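Enquirer: Residues per chain are reported as follows:
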Amino acid sequence: MPSTLMRRALGLLLGVCLLALAVPAARAAVIVQCPGDNNGDADLVDVGDTPDPDRVVRCMHLTGGDGYAVMADGRRQYTFGFHDLTGTAIGQVINEGRMKANWPSPLIARDEGDEFFLTLTNVGMVQRPDLFDAHSVHFHGFPNSSSIFDGLPESSFGINMMSSLTYYYNVVKAGTYMYHCHIEATEHMQMGMLGNLYVRPAQNRYPDGHPLGALPAGKGAAHVNGDYALNPNQDDPLVGYKYAYNDGDGSTYYDVEYPIMMGGFDSNFHDADEFVQPLNFADLEDNYTMLNGRGYPDTVNTAPGAIVNVNGFEAQKTPSLISVNSGQIILLRIVNLNVTHFWGLSALGLPMKVIAHDADLLQTADGSQKLYYLTNSVTIGGGGSVDVLIDTTGLPTGTYPLYSTLLDHLSNPSEDFGGMMTEIRIN
Amino acid sequence: MKTSAKKRTMRALGLAAILILGLFATAQAKVDGLYNGANPTFNLTAATGYIVGGDGAVLHIWGLSPQGGPVQYPAPTLIIPQGSTVTVNLTNQLAEPVSLVFPGQTNVQATGGIEGLVTREAVPGGTVTYTFTAATPGTFMYQSGSNMALQIEMGLAGAIIVRPAGFAIPGNMTAYGTADTAYDQEILYFQSEMDHRIHEKVDSGQASLVDLTTWFPYYWFYNGRNAPDVFSAAGVPWLPNQPYDCFPHLLPGQKMLLRIVGAGRDMHPFHHHGNSATLIAVDGQVLESTPGSNNPDLGEVLFTQPVLPGQTRDVIFSWNGNELGFDIYGHVATDPILEVEVFAAATLQDPLAETDTGVNVAAPSQGAFPKRRAFRAVLTSGLATDPAREVVVLRMDDPAQPNILTVVKRGQEGTTTPASWPANTSAVIGTYHGQIFAGPADNRFPVTLPDQKDLTMGAFYSGSPFLGAMGTLPPGEGGFNLNNGLAFMWHSHSEKELTNNNIFPGGAISIAIVEPFGTTIEQSAH
Amino acid sequence: MKIYVRIRRAPRPSRLVVAAVALVLLLAQGAWAISYDLTAGAFTKTMPGGQIVTMWGYKLTGTADPFTSPGPELTVPTGETTLTVNLTNALPAGPAHSPTLHDTSIVIPGLIATGQAPVYQTIGAIPKNRMTSFDRVATPGGGAVTYTFQNVRPGSYLYMSGSNPALQVEMGLYGPAKRLAAPGQAYAGVAFDTEATLILGEIDPAMHAAVAGGTYGTPVYPSAFDHHPKFFLVNGEPFTSTRAPVFVGAANQTVLLRILNAGLQIHVPATTGAYMTVVGEDSYEKDHPRRQLALMLAPQKRLDVTMTVPDGKTLIYDRTLDVVNANIAGPGGMMVFLQSGAAPIPTCRGDLNQNGQVDASDLQIFLDSPEFGRSNCTVSAPCATDYNGDGRVNMRDLRLINSWVGTCPAPAAAVVEPAASSGAPALSRGGKPPLNGDFDGNGSVDHKDLRLMLDAVDDPACAAGDCAADLNGDGKIDTADLALFKAAMLASGKKGKK
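Residue numbers (my numbering), protein chains in the order written: chain Y, 18 to 444; chain F, 9 to 534; chain V, 376 to 873.
For reference, chain Y alone in the conformation it holds in the complex:
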């Protein structure tokens, strides 16, 4: 299409002009903002750090850049992504963060009541020195968000290369969310700047013995919590009962939780981005489908270091093998973060209890009645989330597939027995 080529040529010309204008003017510096962190490494655990005992400040330092992933059939894919450098000294962030895009991006798990200071440093694109893309973090589903911290470039801004931006989130609502870069959303999301994000409920911190009437059988009638006090310095491990939501009755109790991100790559698009070719938005269609950044059977490979990219870096660190003991309750925090499709997951014979859609507990408006429902599969579009409990009590031990109900996506993509599938093993 000649007209498209002309547009692209014009775009390139303008891009070069803007690059020439933009880069020399920038102040460009890595800056971490984290109250109480006095050495700039975005944590509060060092000697000399002075966390405010009256606040629950939590910090994280993500870098945004490029990298590589490897598909389950061995194909290399160029990616954009985030990487977690919390605890890394400021001076090392650019070097440590380059070509370290994780796929999916690092998990962010927070607790209700946290003040979350998230610093994003744009380390630039090593493989694409012609690019000068900004990055952002969109905390998808955040209730009552401000536009300044929404990560939406149209209503605020993205951070340019070699610079840092700190987002502030008052974490107030438990649930399963997701985050992604919103700059050039179609491209940056297709390229992999997508991460799991969830918020644990304040109910986890109820004092020991707080009555909860709908706990699962065998769990008594009251909350169990051997460590009530929060540590102001760092994430405080939960030692008692855990819940997906502030259900008020213990009905969202779970034993083990797994974030499950349904995602996909269009390999033609990734190759075009890698080799500086025109990007084909019009024909975008994911051919590699994945759970947490891996196609089956890599999803069930839990060996550390088993999946490494062309640079020997373990970019895809999130296996999705779900392993439980019989009688345990699994919480699946399922999100769909892809740019082309609605997708569904089924656990075949295992009953799924849906307790929340889009980080909101299913209940009547007045909270008097829960509206949980049982089903055998869940289907969500991009940007949707669903929380599912699978109670293995009384179920036969064995291995069950957790698989894409859109069966043609069980491929990698020119080999069958791959794609969007993992296994649930009840031991």
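These are computed hints drawn from the structure, not numbers from a lab.
Keep in mind that this is a model prediction, so the values were computed, not measured.
Where a beta carbon is used, it is the ideal one built from N, C-alpha and C, also for glycine.
Among these hints, one or two may not hold up.
[As the list claims (entries may be wrong)] If you anchor each label on the Cβ, the simulated ranges turn out as follows:
#: 1; chain 1: F; residue 1: Glu208; chain 2: V; residue 2: Thr590; range: 28 to 38 Å
#: 2; chain 1: Y; residue 1: Ser340; chain 2: F; residue 2: Lys461; range: 49 to 59 Å
#: 3; chain 1: F; residue 1: Ile177; chain 2: V; residue 2: Thr421; range: 58 to 68 Å
#: 4; chain 1: F; residue 1: Asn115; chain 2: Y; residue 2: Gly411; range: 48 to 58 Å
#: 5; chain 1: F; residue 1: Thr49; chain 2: Y; residue 2: Asp266; range: 54 to 64 Å
[To be verified] Here are some, though not all, of the chain V residues that point toward chain F, as calculated from beta-carbon distances under 7 Å:
#: 6; residue: Val595
#: 7; residue: Val643
#: 8; residue: His663
#: 9; residue: Met671
Since chain Y is already given, all that's left is putting chains F and V on it; use the hints.
Expert: This is chains F and V only, laid out in the frame that chain Y set:
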């Protein structure tokens, strides 16, 4: 090749056009359409026409034109008072039989024309008449009932809005006649797509060669327009066949009713930035536990609406900036507390002395205090004229004892700190926003923003985090947000749909703006 | 097509015995596992436009029935909770490059097969160990596997291949299954008057040609990812102008639609008029049924929907507008009309599910019908199953439909009631107290006794009060006696179950 430069070009062009034509003078949130009073008759003609894509492409369509008007994409929105007997006379100027179906309407009768597969059809040059009773309020659609895969793709579909009995603008704006379905602003999201290759074939007389099983859309529409055309005002002369816009505005605390219609073939995940919103009805049926109550107590709070083809969804969105952790209104301590900013209020059960580390409050008379997190509160005597007020930071440490609040900080922002606040009648706790951050009164903000030269800014950025405040912006930045509101993208979260035939951005993008208090927002006419 | 049902591990019975055994199973309610024998095999189908595609489907093992897709509907009797499927694989052998490609299995989403054991193989572009079948496989050439599914809840099910389902389900290896909560009730208290199953499917002829030609899994057609359907099916057929509607009985009755998606894509069943009420999803009853005009139906999703179908025809169609047949202009694909009003005269009397033959599933429908037990059938309020026209739907009609199993009696033909087994000695009480149902004295209450009981319906001895089959001794053999017989058989079956 890179797209950001392209995007900036697009943005600059769109901005220039809009600024030149001065279209932002009045913020609006309204549904346009045909309104012919009670028991209306609509004379619609099916005909061919052309529309303009967001990339400037000319696209052939089949649409409906109201009597004497240009053919429209989408078909005209029919606004009908509840209980009306509705007559639709459909005249066919296309080359193949056409009909209309009205899913969800009662007592639909078809007369004239010829018998078709689904209903009676108008032959080319002929007319068919449909009557139905708009018995129940809600959002519905109407569409072709003939050769549907082709005719709906070509554009023969539109929205129907049935106003509940007693509806009035202003004064009694509800979706379903009940207080729980009341709203302050409304907007239509009529969602469709287009595979322009099919339209080109039809335009060149090759309709019979179309293989609809290879359908693959390249354009995505809200109310018949692609971004950035959604921002141009309704009825602008350069979009004669696409009279509807999609640019919602609301004030903090207001309820906005989104009437979402899935008119195309695909499902679309519709994500509204800014806040989750409550789905109150599907296909004109309120999500209710008591049938007929029109009380949406089974409503679902969602941040992404899965919009099905053939489905309508009524969604109520609101935004008030609560619990952001900072005061997005940029208040000073003596500012009045607006109702929208209060999320819980209670009286003191015990006096609060200067040395107390906790307060004992009664059960909140409205709302609830947040659990295990610090929040900002105002102690007052409860009288609007009484200047005694103190801004404090409180925290509920034990959710099992929600009436005991730890005092984290007192006497913020230069407010009075009396020796003791008396219990019961004389002191009220109104809570809002977050804690107090250091800085000048107009910049009490938890972080320092980067130097603007390190940022790539958007056209809707006001230059300030605060509602209604305008910050300094470099030349050429901002400009789409005249009142310095807060802009939130409402868009398809299948992001490939944010394109116009291979050009990003475009397609299924719209922007909602939370405007500062006092902004006038134009309402629907009927 | 007829449905062949037998007691688990019983020797293959004669056709007449099949019928009686079927009744035993239908009545036994909990005493016996219901068992279906299915064979998977290939057949061809002519599509609109004349294209002939190779399909895979199922038939009842040991019958002369053709293979069909969807396969036979598996009905789990009301009160029964275990479903056994004995699968035989009569598909052609897999291609040399992928010899296990035609290994097949049966899974039922929502149910767990006893001893479920996935099959793994180390294969792929980079050989990796991976699950190639969700459960044990039957190999082509007559391989057989038994799948026993416990805890079958009331509701609708989809049985399908669990072996490379992306390929095998698309090829046609799927079918419906169901269980009622009670006669005339989808779930407890969710009543309906008539029911119909609508099962959606897709066909990509290129995939079928590749499978038939042995090129699936080669560069010609590498994987199921290349699936691009051209035909969209309801109950195995795309819409054409000659497609018969689904008859749902008198206007304004409550119709239960079981809508299942056996395709690979999401479809959106919709109506152009009346609302659908979703009463169940994946065989779980909805606490708060929603009234909708369009339904999201993801692959393998099962929705139970009630509708009041007005007079005339009501369109159910896929609102994703897969309502075309390949590149043929005009309507086609995933559409079907529901037709109210009097159903046309069926091909066979007693063929209640209109599958061309009276079989065990018709008996089940008969017994589950709210009509069974009615004694007030009139011309203005007729009973469709009052076969002998006596105004009642009772044991005599049961005996009639039972006698027709395996046949196709013309509707216009006069009903000939079987002759009474006049004076059958075993049924004479000879003045003794009523027997326990073991009429033939073989030590168990079983299907043979049921046949004797049905044969005795018109025995003059019963009217005279000397009739062992008249279990409650009220001078007639009726549903009350049937209930007693069921209880006796239940007790006997528990003792003597093989």
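Enquirer: Now tell me, hint by hint, if it's right for this structure.
Expert: Hint by hint, here is what the structure shows:
Between Glu208 of chain F and Thr590 of chain V the Cβ separation comes to about 34 Å, which falls inside the hinted range of 28 to 38 Å. Checking the proposed 49 to 59 Å range against Ser340 of chain Y and Lys461 of chain F shows it holds: the Cβ atoms sit about 50 Å from each other. With their beta carbons about 59 Å apart, Ile177 of chain F and Thr421 of chain V fall inside the hinted range of 58 to 68 Å. Checked against the hint of 48 to 58 Å, the pair Asn115 of chain F and Gly411 of chain Y passes, with Cβ atoms roughly 51 Å apart.
For the hinted restraint 54 to 64 Å between Thr49 of chain F and Asp266 of chain Y, the CB-CB distance of approximately 55 Å keeps it satisfied. Here the hint on Val595 of chain V is broken, as its CB sits about 20 Å from the closest CB of chain F, past 7 Å. With 7 Å as the threshold, the beta carbon of Val643 of chain V comes within range of chain F, its nearest partner Cβ sitting at about 5 Å, so the hint holds. Hint on His663 of chain V holds. Least Cβ distance to chain F is approximately 6 Å, under the 7 Å limit.
Hint status for Met671 of chain V relative to chain F: holds, with the closest Cβ pair at about 5 Å, below 7 Å.
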